[in-house]
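Mind docking these for me? Both chains are given alone in their own frames, and the hints should help you get the complex.
Listed below are the residues making up each chain.
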Amino acid sequence: MVRVPARGQEMTFEVSRRSLLKGMVGAVAAAGLPHSTRAEGPVVKSDVFSVLVDIPRCIGCRACMRGCQRANDLDAPQDLMDMEHLESRLEPTHNLWTVVNREGVETRRHVKRQCMHCLEPACVSVCPVAALHQTEAGPVLYRESRCIGCRYCMVACPFDVPRFEWNNGLTPVIGKCQFCASQRLFKGLPPGCVEACPTGALKFGRRDEMLFEAKARVHARPDVYVPHVFGEEEVGGTSWLYISDVPFEKLGFKKNLPKRPLPSLTWDVVSWIPGIVAVLGSLFGLLAFNLSRKTHSPSAPKDEA
Amino acid sequence: MIGWLFLTAVAGVLGWLAVSYGLGRPPRHGLSWAAGATGALWAVTAVVLAIRFTRGMGVMTHMTDVNPWGIWVGFLQAGVALSGGGFVMAATVHIFHIKRFEPILRPVVLLAFLGYVFVALTLFIEVGRPYNLWHPLAMWQHHSIMFEVAWCVTLYLTVLAVEFSPAVLERLGYGRAVEALHRAAIPIVILGVILSTLHQSSMGTMFLIVPQKIHPLWSSTLLPVFFLVSSVAVGLCVTVVASFYAARIFGKTLDRWLLADLARAASMVLFLYAALRLVDVSARNAWGRFTDPGWLGGVFLLEVGGGALLPAFLLSRRAVRDRPRWTVAACLPVLAGVVLNRLTVSWLAMVPYTGPGYFPHWMEVSVSFALLTGVAVVFGVAVRTLPVYPAADSPSATILPVRG
Chain L
1 MVRVPARGQE
11 MTFEVSRRSL
21 LKGMVGAVAA
31 AGLPHSTRAE
41 GPVVKSDVFS
51 VLVDIPRCIG
61 CRACMRGCQR
71 ANDLDAPQDL
81 MDMEHLESRL
91 EPTHNLWTVV
101 NREGVETRRH
111 VKRQCMHCLE
121 PACVSVCPVA
131 ALHQTEAGPV
141 LYRESRCIGC
151 RYCMVACPFD
161 VPRFEWNNGL
171 TPVIGKCQFC
181 ASQRLFKGLP
191 PGCVEACPTG
201 ALKFGRRDEM
211 LFEAKARVHA
221 RPDVYVPHVF
231 GEEEVGGTSW
241 LYISDVPFEK
251 LGFKKNLPKR
261 PLPSLTWDVV
271 SWIPGIVAVL
281 GSLFGLLAFN
291 LSRKTHSPSA
301 PKDEA
Chain C
1 MIGWLFLTAV
11 AGVLGWLAVS
21 YGLGRPPRHG
31 LSWAAGATGA
41 LWAVTAVVLA
51 IRFTRGMGVM
61 THMTDVNPWG
71 IWVGFLQAGV
81 ALSGGGFVMA
91 ATVHIFHIKR
101 FEPILRPVVL
111 LAFLGYVFVA
121 LTLFIEVGRP
131 YNLWHPLAMW
141 QHHSIMFEVA
151 WCVTLYLTVL
161 AVEFSPAVLE
171 RLGYGRAVEA
181 LHRAAIPIVI
191 LGVILSTLHQ
201 SSMGTMFLIV
211 PQKIHPLWSS
221 TLLPVFFLVS
231 SVAVGLCVTV
241 VASFYAARIF
251 GKTLDRWLLA
261 DLARAASMVL
271 FLYAALRLVD
281 VSARNAWGRF
291 TDPGWLGGVF
301 LLEVGGGALL
311 PAFLLSRRAV
321 RDRPRWTVAA
331 CLPVLAGVVL
341 NRLTVSWLAM
351 VPYTGPGYFP
361 HWMEVSVSFA
371 LLTGVAVVFG
381 VAVRTLPVYP
391 AADSPSATIL
401 PVRG
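Chain order of the listed sequences is L and C.
Read in order, the letters of the first sequence correspond to residues 1 to 305 in the numbering used here.
Read in order, the letters of the second sequence correspond to residues 1 to 404 in the numbering used here.
Just so you know, not all the hints are guaranteed correct.
Label-pair distances were calculated between CB atoms; the ranges are [to be verified]: (1) V377(C) to T171(L): 28 to 34 Å; (2) S292(L) to W134(C): 35 to 41 Å; (3) G275(L) to G288(C): 45 to 51 Å; (4) I276(L) to V279(C): 46 to 52 Å; (5) D79(L) to A120(C): 19 to 25 Å.
In silico BS3-like links for lysine-lysine, alpha-carbon gap of 27 Å or less [stated by the list, open to error]: (6) K187(L) to K294(L); (7) K99(C) to K294(L); (8) K259(L) to K99(C); (9) K252(C) to K255(L); (10) K254(L) to K213(C); (11) K294(L) to K203(L); (12) K99(C) to K252(C); (13) K254(L) to K45(L); (14) K203(L) to K215(L); (15) K213(C) to K250(L); (16) K259(L) to K215(L); (17) K45(L) to K187(L); (18) K294(L) to K45(L).
Worth flagging that the hints you see were computed from the coordinates, not collected in a lab.
Each residue gets a CB set at the ideal place from its N, CA and C atoms; glycine is no exception.
Chain C with its partners taken away, still in its complex shape (with noise of 0.2 Å):
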């Protein structure tokens, strides 16, 4: 109880200074208060963590041998889909040569790493025998889908920190590193955005093997495709919300333009993915089970409709598009939308199979979110120290002063 009020308190220190930087109207001292809620939460997680690794699982977590999986995978397997706006800003910039979106991929490739980061930190916590992690690169099961992700994730985290080398480099002054590394961008991205449409969908295909596990709502062979094209729309979101807050926090430069493309994107690739939800609940003919139980049928409609088709419809209105504030607060459901559908088919699409047996211990929780804010305060450090964002003087299309 003690825990969930701390870890309460904490994430309203946190969401209070989003939002108030969000609005333009940041509180004094903002970042000490930031500080010193993140300084509560890592002494408190060091704790969690030597009860982990000395104690085992059983003590710090709610998991058992009926719900093996508990919060743990969910939060990674968002991490994954949140880090998907690497991949497709990638392929927009250096394979499609849409070149306008430059000045905003190494902000997102950093990001992405980040997003990677997080997931594989999550994952030596997560597995019981975290020292065996790289057995799946020596000891070969090809049938596996979870082999493929493995290798998936070592392969891309390599990737996206070449990709993100060049901000390094430059910073060193390796010069003529960075002008290398720029000749072999497209080969590197090209397997870059290969190796996430692989692992995008894997984190789909792993649920394929217990279809009779899995609430018919979100039980569908599909799983692989749901997760691919949900990435690449939270992807053009994330990247919309973090360029907004980069703005805002470090006071970078913002191209509203930018922003509306991709929230244009957003909302066609949000509509496709509601359509395919729908039309694939309709073709299983799984419409029955909508209320079998209820509340499953309440994750549905926030998920899919409050998740993609709501702001899919917003964003595909001008004036929302037109007003950075607006867009962003149409992208937040998007982002919440898909965290929601990850957690539902690891976890709660699910309980009616296991029963309610399972809910998060607060020390599974206070993990995942000191990772998660770890993640944040390195990438507040990279764009301070390196030039991850273009200089302010850049001829990048129209800037927009977004103080005040």
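For reference, chain L alone in the conformation it holds in the complex (with noise of 0.2 Å):
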């Protein structure tokens, strides 16, 4: 079962003993820093909550973007998330954190978009400050008061996500789907999108249950479905998952996304930063000391100049 924290209880972020006993930084924040995120850790990837979007089902109604302005108390401008407005496209803004679009003419299939919520989030990874965290149950979250806005989430989304306040001075905030977390995931309630869809496009449950019934699904009409659950394995895989009847790449999804989680490719190098420093500083410390009694000893020849 998901582990729902009761009502006002703080999250807890377990992290990942490897990563902590690498080295300096791992034990200066070993030492007393608690708010460490698990920026590498996966989550328990059955575990979590998910979110089934079965596109063949979705008739556009907008139902979802609706839902997702009134659970969110969000005030994007509302006039254009009807079913009528389907010829204009919309695009996610900091306000408006999931979109349904007609993606493809030809095809008539309607995509909803929002915060994929990865398993190993990138965006989580490369914030410096953890403005944006990953919950044991899941979903991303972002934390306006710790955030310098700089925006390096929106370049490191492989999803291209977060949305940024550009018409704000001081006080931009970085915008996208929450899950519903704190107000309603918590409490035993589904998504707000999920809640407001008519058609059943759109199925929340634990990951492992959403797998599954993606799968047979795409496995009882394979006469309609592609066999490929989007989702289940991209970048580490993500905790909304998608199944289409129409190839992915045709309704504007991501091709050639590594199925490796993508913090480890920074981590790689990052989890070599100690080692560097201790090499460097003994290398140097050596040269510059032996050289500096050898330039000042009075046998040794005056400099190399």
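Given below as structure tokens:
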């Protein structure tokens, strides 16, 4: 079962032991910094909150968008969020966290986009202040009070999800789907978008259940579905899963995404840093003091100049 | 449009002055021309900054959610690289004890310090919530390379200030403090060199998280190495160019043999850098994407060929190294090449992924330009008021009179 913390209870963050033991940085972090986030140690992949999106079942009514606005008290202009405006393409913004667009005119399919809530999120690993962090239950959340607005999360996100409040001079925020975590999920309610969906195109549950459901549907109708669950393996797996009757790349899904979790790409280098510091420090130290003795001793020849 | 014309005019005036000073034929009232152009630039930029902090970046930049990093990040990266002279020369003098370079160490350290000030000021404008910039120092997230960058910038700025402080203390007559600092020079320099090594390379590490967004000619796991090596090369070249111009504009003495030695070292590092880049592209079988799109292939040629290979060859010739003016002319493409490289990794090489949606607003360029001229003016003031350069009668090898 999903471990849902009681209302008001602080989420705790597990710090992976391997990362902590890596050298100096880890030692200092262990010495008294409780806020280390789990940037690398994966969540229990089968256990996280998850949503399955069944693309052929979506009629493009955009009720999920309005549900999202309601659930999160967002103030994006609502005039285009109706079915009759499907011709006009909408892009997510800092206060419009999910959009449904008709993707590919000839296919007439509608695709809902929002944060994929990666199991090993790149945004969390790059954020220098842990403004973005991952809860044990899976959702990747944003804490405005910590954010410095560097926008590295936007660059790093393989799905280009985080959005910036460009027209705010001093207090711009990063906006992205919060999975309705604090106001709904942790109270035992489904996300606002799922609750609003009238056709069953969105299904909410545990990730292993949703993955099983996805594969069962694909397996039951091989004549309809393409044999791929988007999000099962992309960038190490995502909480949101998609199945489709049209090849995913025709619907604007990213292709060529590595299966390897992205944070490891940086961590491969970052984890070397304590070692590099130690090696360079001793090397330069030895060099500097030895050469200094040589240049200062009277018997040694003067500078090679 | 008017904004771009204005910026072009300012750049034209300053560029013309730079060329004429470089050729040794400074125009009459040259410095008042420079002051006029710079003053106008600063006045306009003050208005631009007021817009930035009231109405937000959306109004005065062309950054969007698709292109969240604009030219400021590229210039910031270039600023870090061009400050590379500081750690290269500090290591040469205080770690490898090649003491004949000591006379030019102070101006180079000052230059690096001002380069990092440029970087820090750019950051204050570039991030959305600058008043939170201290957060990485308190709220640790040691998996983030940006966290490491924040620490490196802060610590290294401090180290550079300490390294330069003897010039200020001498001027103020605190002889004993200078002596104490001199005794602590080696540990301070070692700390600075380590911080620089980390920081220069982490500027490249920042882009390892997006291999699928960067064009294959640049998307390499060796990015940290490339950024480090190119910063050493460009650091040497900046030292050459800056020493030359300081001599021309401020009437300081110029040791041409030091310049020639620097140029030879730069040539070797540049050959190494170019070889690494070419081997890397070959090893990843990325040549097939050279003309996809063609203009990026052109950028690669300009950057690696024009900015590294060609200058490496020129600087390896004795005929070039023996003439300060030619040496400077061969070093300038290196500066341009590294700036282009940083702009490419942070912007141009991502255009095939993001689409051609971004071209900097003139106000973005104006901010960077104003910061750059500001830093240059502070350098000039420091050279005139502080003992940055050794006194003209100091015994620093063969002195070349550069006037005329």
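For K187(L) and K294(L), compute the direct alpha-carbon distance and say whether it is at most 27 Å.
violated (72 Å)
A range of 28 to 34 Å was offered for this pair. Does it hold for the Cβ distance of V377(C) and T171(L)?
holds (33 Å)
Quick one, are K99(C) and K252(C) close enough, alpha carbons at most 27 Å?
At roughly 20 Å apart (the allowed maximum being 27 Å), K252(C) and K99(C) satisfy the hint.
Given the hint that K254(L) pairs with K213(C), does the C-alpha gap stay at or below 27 Å?
Holds, at roughly 11 Å.
Quickly compare the C-alpha distance for K203(L) and K215(L) to 27 Å and report which way the hint goes.
holds (14 Å)
Starting from K99(C), check that the Cα of K294(L) is at most 27 Å away, please.
Holds, because 13 Å separates the two Cα atoms, which is no more than 27 Å.
Does K254(L) pair with K45(L) here, judged by a C-alpha cut-off of 27 Å?
holds (22 Å)
Going straight from one Cα to the other, do K252(C) and K255(L) come out at no more than 27 Å?
violated (59 Å)
Outcome for the supplied range 35 to 41 Å, where the beta carbon pair is S292(L) and W134(C):
holds (37 Å)
Would you say the C-beta atoms of G275(L) and G288(C) sit inside 45 to 51 Å of each other?
violated (36 Å)
19 to 25 Å was suggested as the range; check whether the CB atoms of D79(L) and A120(C) agree with it.
violated (43 Å)
Between K259(L) and K99(C), does the CA-CA distance stay at or below 27 Å?
Outside the cut-off at roughly 52 Å; violated.
Violation of the numbered hints given earlier is confined to hints 3, 4, 5, 6, 8, 9, 11 and 18; the remaining hints are satisfied by the structure.
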